[in-house]
Each structure stands twice: as C-alpha cells, then as structure tokens.
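Protein chains: 4
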Amino acid sequence: MSVPERLLSQLAHVELLTPRPDESLWFFTEVLGLEESGREGQSVFLRGWGETFHHSLQLTEGPEPALGHVGWRSAGPEALERAVESLEAVGYRGGWTEAAIGHGPAYRFTAPGGQVEEIFWEVERVKATGELAPLFPHRPQRFRPRGAAVRQLDHVTLTTGDILADAAFRRDVLGFRFTGWTAAPDDPELCVFAQCTTNEQAHDLGLGPEMTERTGRVHHFAYWLDQRTDVLRAADVLLDYGIELEYGPGQHGMGEITYFYVREPGGARVELNSGGYRNYEPDLKTVKWQPVQGSNDWYRTMGFKDSMYEAFPPAEPKSSVKPDLFNAAK
Amino acid sequence: MSVPERLLSQLAHVELLTPRPDESLWFFTEVLGLEESGREGQSVFLRGWGETFHHSLQLTEGPEPALGHVGWRSAGPEALERAVESLEAVGYRGGWTEAAIGHGPAYRFTAPGGQVEEIFWEVERVKATGELAPLFPHRPQRFRPRGAAVRQLDHVTLTTGDILADAAFRRDVLGFRFTGWTAAPDDPELCVFAQCTTNEQAHDLGLGPEMTERTGRVHHFAYWLDQRTDVLRAADVLLDYGIELEYGPGQHGMGEITYFYVREPGGARVELNSGGYRNYEPDLKTVKWQPVQGSNDWYRTMGFKDSMYEAFPPAEPKSSVKPDLFNAAK
Amino acid sequence: MSVPERLLSQLAHVELLTPRPDESLWFFTEVLGLEESGREGQSVFLRGWGETFHHSLQLTEGPEPALGHVGWRSAGPEALERAVESLEAVGYRGGWTEAAIGHGPAYRFTAPGGQVEEIFWEVERVKATGELAPLFPHRPQRFRPRGAAVRQLDHVTLTTGDILADAAFRRDVLGFRFTGWTAAPDDPELCVFAQCTTNEQAHDLGLGPEMTERTGRVHHFAYWLDQRTDVLRAADVLLDYGIELEYGPGQHGMGEITYFYVREPGGARVELNSGGYRNYEPDLKTVKWQPVQGSNDWYRTMGFKDSMYEAFPPAEPKSSVKPDLFNAAK
Amino acid sequence: MSVPERLLSQLAHVELLTPRPDESLWFFTEVLGLEESGREGQSVFLRGWGETFHHSLQLTEGPEPALGHVGWRSAGPEALERAVESLEAVGYRGGWTEAAIGHGPAYRFTAPGGQVEEIFWEVERVKATGELAPLFPHRPQRFRPRGAAVRQLDHVTLTTGDILADAAFRRDVLGFRFTGWTAAPDDPELCVFAQCTTNEQAHDLGLGPEMTERTGRVHHFAYWLDQRTDVLRAADVLLDYGIELEYGPGQHGMGEITYFYVREPGGARVELNSGGYRNYEPDLKTVKWQPVQGSNDWYRTMGFKDSMYEAFPPAEPKSSVKPDLFNAAK
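Residue numbers (my numbering), protein chains in the order written: chain A, 1190 to 1519; chain B, 1190 to 1519; chain C, 1190 to 1519; chain D, 1190 to 1519.
Fair warning: there could be bad hints in the mix.
Where chains are identical, the list cannot tell them apart; a pair therefore holds if satisfied intra-copy or between any two copies.
Calculated pairs, DSSO-like style, for lysine-lysine (alpha carbon to alpha carbon, straight line, at most 30 Å) [unchecked claim]:
#1 Lys1316 / Lys1494
#2 Lys1474 / Lys1316
#3 Lys1507 / Lys1474
#4 Lys1477 / Lys1494
#5 Lys1316 / Lys1477
Since the hints were made in silico from the structure, they are not lab data.
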C-alpha cells in the first residue's frame, strides 16, 4: 500500500463573522482568554497564549454568524505547490491571494461543502515582549490566567452535502488521514459525521450533514486546553460569567475528547476540548462507528440535543423532520 | 475511652503583618485571587471566593513579616464558653475583646508557642451582590478566575518550644484531634513536627520547631484549591507572574496533601494545597511517622530545603548547625 | 442561636440485599475494588482500601435488591447514649443488639422512611498485615489498583414519605446538619430531594421521594474516590468490563460532587463520586434549590432519566404519571 | 527555507536486555500493566493497552541491563527506501533483516552513539479477541486497569559522544525535528541534552552525554499515560508495590511533560510520563535552554540527582568528577 503524501501540517486559523463584534470580542478575549494580535478593517485577529502563529481566529463583523474562511498551513513550501497541483488535477480552480496579515501567499478554493478555504506556507510568528515575554524559552508568550485561558485552536467542523465524498477528497487530494465516521442508527451505510486529521489526533476537521439549502456553513470550531480537568474548570468559568452551556461537558467516543459547546455572543457555536488519543499511523484504517458504540457519547448515558443540529449561518432544515442522527442513549 | 468534646469548628482567619502592604495586597488579590472584604486602619480584610465568613486573612502593615493573630471559630455558643473554661482551668489567663470586624466577641489568649490566638462564635457572613452575586444558591459569591483563584483558608503552621506538649494542649484543652507527628531521623523520641485538626483532614494546625530565641512565630499558612490539579495550575500562574516558588509542588505523606510554598512580597511563606484524606474518627489514634516513611515527601525522592526551616518574624537560629530534620530522600 | 449537639460522627456501613450474591460480590470486589473483611451466614463484609473500620458494606443474599440496614457511628460513647435518649424522647422505640461483626452494641430503630438504621460507638479496626500491610503508617492497608479502586463509603440515599419532615428529624433528633433541598419545578413548596450531613460535605444522607406503596427503600449508596478525575477513570474501568452506566458522569449542583450511577448485578444502584465542598459551619443555613439552578445538573445541559426514579426493592409507582421532578435542562 | 522530508512516522519499539527476566516481566506486565503479545527464544514481546502494533517492548534475557535495539517505523514504504538512501549517502553501512516478529523487513544500522537501530514500514497489528476485544471500535483492545496501566511507548533517551552532532544527524539524515537542547550551566556552548521528534511533542528521542568509555547505551525509555494525574496515580501504584521511585514526580521544562523515573528489576531506568505540548511546525526553530530556565525542572525548586547520570549498561565515569550538568535549583 502506498501512503499519500502529507501536504498539510496543521489547521492554522478560522475566520468567523459575527453580527455583534464587540460582544464577540469580549467573549473571545475576556471569557476564553485569547490575546489580540492586531486589527484591520472590520477584523480583529486573535490567538491563544500557546500559539506561535500571528492568529488562529479572525473575528470579522458580518450580517450573521458565519464562517469567513478556513486557513491550513502546508507541510512545506513544496508541499504547498503540490497541494495546488493536486487540487487542480481534480478540477478545483482556486486562486492565489497576496500575503495577508499573519501569513504569506495563499491558494484559496471552495471546498466540497461550499466553504472558502486557503492553504499557505509562510507564517508570521509571535514574539511577545514586555510583560507578555515568555518565561520559558520555547513559548511564544506568558501564560495568562484570564478566563478559560484556552491554549490553541484545535479543529473546525463544517457541513457538507456528501460527507463520505468530502472526506475522501480530503484524504486523496489533500493528504488528510480519514480516521473515522459514524453511520446513522437506522442505516448503516448513511454517514452522518466524519473526521479527518493532519495530526496525531482523530480530527482537526469534522464533517457533518448539510440538512438545509444553504451551503458553506460551519457547525463549530474548537479551542484546546491542556488537560481534561481544564475543560471542567473552563465550564465553571463560563457558567459564572452567566453564560449558558449548550451541550456537555462530556466525552466523545470518536477521538476520546472531553468537550463542551457554547454559543458565542454572535450566535456561532464554539467548543472547548482536551484529551484525545495520539496515533501516528500514516496508513490508519478508517473506523466505522455506530452511535450505540458511543461515537458521540463515550458513556452512552446522554441523549443528543436538537439545538446541536444547527449550523451557521442559520437556515431552515429542508424537512420538518429532524432525524435523530447521533443518539445512542436508550 | 471517653472522647473529648469538640470545642472548635474551624480555623477562621489569620492576621499577617507585612512590611510591604501594597505588594502583599497585590499578591493576595491579583495572584492568589482573594476578594477584598473591607479595610480598617492599617488592615485590609480578604477572603477566598468560596468562603462564607467576612474574611480569612487580615493583612496589616507592620515592621516585619509576622503573625498578628490566629482566629478559631468555636463549635457553638456554649462551646465557646466551655473552651474558655477549659483554658482557664489549666491556667490560661486571656481576655475578651469586643466584637470586631467580621466576628463577635472573642476570647484572646497566648498559645504555648507564644502566638496570639482568639476564639469566637458569632460571625459576619458574605452576601455578595451585583456581579459577584452567586450563580449557585449555596455559594457566597461567584467563582472569579483571577490568578490562582484559591478557594478557602486551609491551615496555619506555628512554631512552638515543645511540640508534643503543645499538641497535647490542643487535644486536651481545646478538643483538637492530634493526628500525627514526625520523629527526628536520628532520634525516634524527638518530635520535629505535629499536626492537629478540628476537621476531617489531617490538620488545620501544624506545629514546628522554634529553633531560635524568638517565639510567637508562624511558619506558613495555606490556602486550599479544589483539586490537586488546581495546585499545579496555580504553580504555573505564579511562575508566569515571575514569582519564584520556594518548595514543591509535591505531596506530603502526613495528610496526603499536594502542596507548594512561596514567599509573599512581605517575606512570609504561603502554601497552596489540595487533596488530603477524609477521616471522621473522634478517637483517631495519633500516628507517629519516620521521615523515611515519607512524612514530608510522599514519594521519598526529594530532599528538604534549608530555607524551609525559616519562620516569621525572621530570627537567627540558636545554633549554627541546622539539623536535617525532615529529610527522607537518600 | 443554640447549635444542636453533634451526635453522630459518620456513616459507617450499609447492608445490601442481593438476589445474585456471587455476581454482586464479583462486582464489589473485582470491579469496584473492595476488600473482603469476613463472612458470616449469608453475608460477606467488604471495605474500601482507605477505610479503617472492619466493613462499610455488608452484602447479604436476599430475595430482591434491597436495603438491609444503615449503620451510623456515634460521636462518642456518651453521644450514643444521648442519641438514644433523643430518639426515645420523640417516641422512637428501638432496641439494642449485641455486639456484631465489626462493631459493638448498636441501637436499632426504624427511620421515618421505614428503613432499619442502627447507631453504635465501638468499632473493630482493620490492621492489614502481610502483602496488604500499609506502606504509610496512617493507612489501614496498601492501596491496591484493582478495578475502580474506590476509597471509602460516602453516602446513602433513602426514600421517605415526607422528605422535609424526615430531614428535620435528622437535624433535630440526631444532630445532622440539614444542608439543602430541591423544590419541584412547578411547586416551590414541594420538596423532591434533601441532603443531610454528619461531616464537612453536603451529605452523607440523601432523602428522596417514596412514589410507591413500599417503604424502607434505598435509592442508592455511593463510594468515594480521591479526585474528580478518578471518577472518570472509574467510568472507563466499568465500561471496559462491559458494564452499562445508568447516568453520568456529571456534576451535581447540590454538594458540587462529580458522580456516575450504575446498577450492581443484584439490581441495586451504586454511585461512585468525588469532589464536593468543605464547609464547617455548625449553623449552616439550609439552602433551597430550584432545579433550574442546577441542583441535579451543575451544567444545566442534561435531562434527568426515567430509570433514575426507581428505588429498591423495586415497586410500581403509585400513579402512572412520573413527575419530572429534577429536570432543569431545556 | 526548504523543509526536510519526514521519513519516520514513529518510535515503534525498544528492545531491553535484562539479567532478571522473570522479575522484569512481572514489573512490565503486573506493575506497568503491559500485555504479552508473544514469546520467541529468550524474548517476551509486550505492548500497552492502547497500542496497535504487535509490541513496543521486546524484553530479552541478557547479562546486564542494556539496550538491544531501537525500532523506528518509516513514514511509508517509499520513505523507508529514501531513509536508507539518505543514511548510505552519508556513509552509513547497515543491512537488511528479514521480516521479524511484529514487523516486516528492517534496515539495521549503528547510530552515532553506538546503538543498534532499525527502520521498517510493514507492521503486524493487534486484533484482540475474546475478553480483550475492544469495546470501542477504534481501539486495539480493552482497557484493563492492571497496575499503572500505561497506554503506549513514548520516547527513548540514548547516550552519545557528540550530542549536537547526533541531533543534527537525526534532523538532516532522518528527518526528525530537532526541538531543543540544554547548555551546561557554566558553558553556554556545551550541550548536555538534546531532544528530537518525529511527532507533535518535544521528543520521542532524547540524547544525553556518554561520560564513560562504553557506547551504545540507553539512559531510559518512557511509557505514556493519558493525563498528568495518571502519572501521579501510577506513582502511588508503584509505591504501594514496594517499588522505590528514583526521581520525581515532577515536570520537565523541555517538553512540558509530567514524569517520574524508576528502575525496573533488571536495573534499567523506565520513565512514566504524560502531558506535553502539541506543536505542528515542520520548520520549528530549535530552542536553546539554560538549566536555570527550568529545562529539567519546570518549577526550579528541585535539584538533580546523582543516580540520574547513570546509563545502561552500567559503566564507570571517565572522570571521578561528575559535572552538575542539569541543576537549576539554588
């Protein structure tokens, strides 16, 4: 078996549109603890205290909560070229953007689910000085215990029309590992969720069902904390800020991650997570899960929640019947 | 066997003198996360976010780092009377103070080690309002993730001339449980440290050796965090504030507590801790430890540290030879 | 305000009847990690590795899963006498049993909810020898990492006809602290759950609704682990033994404890828990909770579960309508 | 800047020689919790419960505690060929071995430090059946809570004559990321320790000083546990087996990992660890540490330990003076 070349090194940033930019900025800086790296136009650039790149979140004023774009870093300068060749070889026609805030020239294309994504190699790195200068020489800045104090961007989950096809595209064209998918409870061939990864964990890219006429949507993106206990502490921090949690804390079977979900003030869903396994097999076999095996709820004691089917920008479901796609609890 | 009446319900507060009141206040509020409850004269009154009483720390300007006094709450109004009777029956001649900030009338006396201690029953309780109003009805206020965010006062450790005699006084006169003591490495009859408690843990009162001509000294006092992992997080918080740790993090055998020690800006030693066992036996047998059994260092891999023999106010040791009292590591 | 005398020092043991004694014994020893202390007749006596008394669980063969009895240790020899006087003064007519396995003479009475309870002072303590001899001098035995390796009995939750009256009985007659209760979502005067305690935590005695014609029932009893993370590890241990969890892991608002529930092979419900706050106020004000404040579910994201209304021995509910008593999630 | 091709995907196994094979086997299976995968000749093959390959430890009877060999898995079948070309291009003359237990043909060569290392691509995977069959479909087997229950092999640390040259070889010839090194306290150009990695953490290969006439030695190898708290639990497990810890628990600055070290019965050093950061930059800049920055001891409170300079097989140091290479505590 030949192993596909690893073309991407990591999820680098997400751009989020918010109709309430001030409240969203408060949420990401004061409550989650991100640092501001800069501003331009209607955008504020943010990063976690443990992140070396200029930003992992671009927060941009917009008419509704929505994804602006997703940024991936290639595995090297040549890998960037080969990723573009690989995309164009299967018919993608993207285009290059000039160097932007925080990174060099990027190739932008429209993903199968309609999202704007970009790939670049060159990055601007953080060198904090003054009171943010790091105590430890390998860190980009000091740890500041503000709010939940999230460390770094972890993953983004997008909607897409054909989940298995999108996952195969990620694997075959962009060199992701396609780690696993969940089948619908009543249809073992119907994929309701898939995970792909450029790293050691189960996913930095989730793919969920579209369920509406709108495309190009985001279900959530996640920030990482060091230890599972930090997620529980973060939940306490948010609760005591008077912020309602949407779902969790709990543990997903796929990826073994500890999580909870919350809506930021603009309306979009954010996850905080930790834990997860470390797997280094380039030829990892894609695992098929049944919900009853704990794909969503490791402990198999908790139902899914209707609100969790929503993605952004908001849209009416195609059918009035919401399929109970993920439930495993009796 | 008759069981002594439980006369005290808890360690209520400690008064610390500091020659650098502004820096000490910054340390206790910004770094440890205490809330300010009030001010009077040269004193600022502070409490942890989880504490129901008006204050657990009275921070008072003074010429050198030293103990002002220790405050105990009695087990009830009658228990306060009986504690006074019990003290006076063995010759203690203290006196009553008027109701003070945060509590009612108190009986003040000089402990065997020379410290001023007081016992009272009536307390003023915190009822936080506004943005500090608690989310949960049993809590005195919101949890605020500021700095190390310590929850509550845990214990105080004093020096005393005759450790075993002082511990027996606590047990026989004041109804403490005398949970354990450590013998010197080379003299199994010489007590170098003892623990007494009014609660379920091994100690809220530690007793260590005097070693100098000065009496009435404090070795350290400790604030509690919920989980052992919180102590490690707190250490990170302090490090990244540029504050040097003195000793730890580690785990003591006596009490099974996770700890680290640090000097506050005024010079006194503060411990942050968590963990510890829960024991409810009124007739618990006092346990004698050898250092090699891990009395100080549960893991028996780490030496003690010379600076840890110092207590406050500072004083020259009687002898130039510092006995290596607690070492268990080879 | 006068403070009631503390008559009881702790919950000492629970007797559980099981129709499947071999499987139940396997569950408690291999899966939960209890040690066997002895056998007599149809009973096996078990204890956690951190427990100093002879046993905390008496497992007895019986026709259905049910409570045998609950054992409390008094706060001293005189406190035992006064507890009996206090009970008899309000009309209880119990009786003394001879010294039994693990403890001295006990006064047995029928609690308001119909359960058999007993109070005693004298206890037999564990002194493990051989390979179970403790490494640390304060421990009754070695820590053995078998299964979930629970440390000690934590609490028992009983059903009762009038919850507030039963809680008042515990407080006024037996000296418990009555820490809090939950009102029904639609009736702020109807108590659906109450907590009483002899220790620093919110409860070692829970009181829930009867809901059937049968009395004297137990809802669950709980074993304690040191840290919250240990509860999550224990859940993993049980899952990988092929044992289905009933509810959780999660965190209760009342008591701030991390928990999960599981049915032992005989059918009864067992909880494993950790965390919880430490409060030492003899005059703690009883707190009234609304379910929407997170009384059951700290995070307010999770519904209650129908099966969790069941108690033991099993019985049909009086009404076919199960009231949704504890739900706070929307 | 061009980024070197990633030729290796992970550290796959370590072969350890032991003069006490029965006791060593007991230690690795009962105390650390490894599973036995098979036996051949004087070797027993072992794996952690979370490992997908046939084995991560080959335990072989031998005259003294020593490294047998280190096995690396290539990043793919072509990467194996290119790794061999790359080695031979700089003068290495290794040779191919037939497929062995657990993996396919391997290229064996002698590393700069004298160790035998091998690289292969094909692996045999675990498919546990019966009572070890996994509950979760992505896992190779059930989690069994036996002893410390380590999850997977983490890293190996070797001695070498010229640490910086060896690290450069790993980077330039084999595509490792060279993440950081520590300078001697009194000579900022003298490297006393270096870390290289094929994965997201700071190292799966450590390089330390030779200090004796013997070459080809191992300082330790490490098994991983999921969470930092699991390392503390593992320390308790080992202590209560009567096993003395050598160093720790503590946290290293380089890699941010929680660790402790222990000698297995054959005499070699084993580390258990967890934590550590996740970094995905192919062009990560190598970080130079000073001991006072916490390279060894994150908290800068603890001295190094003489016994920790020893490596295996044991040998007399060249000089009678042991340099105090790593100490940062005052």
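*Which hints from the list above does the structure break, by number from lowest to highest?*
1 and 3
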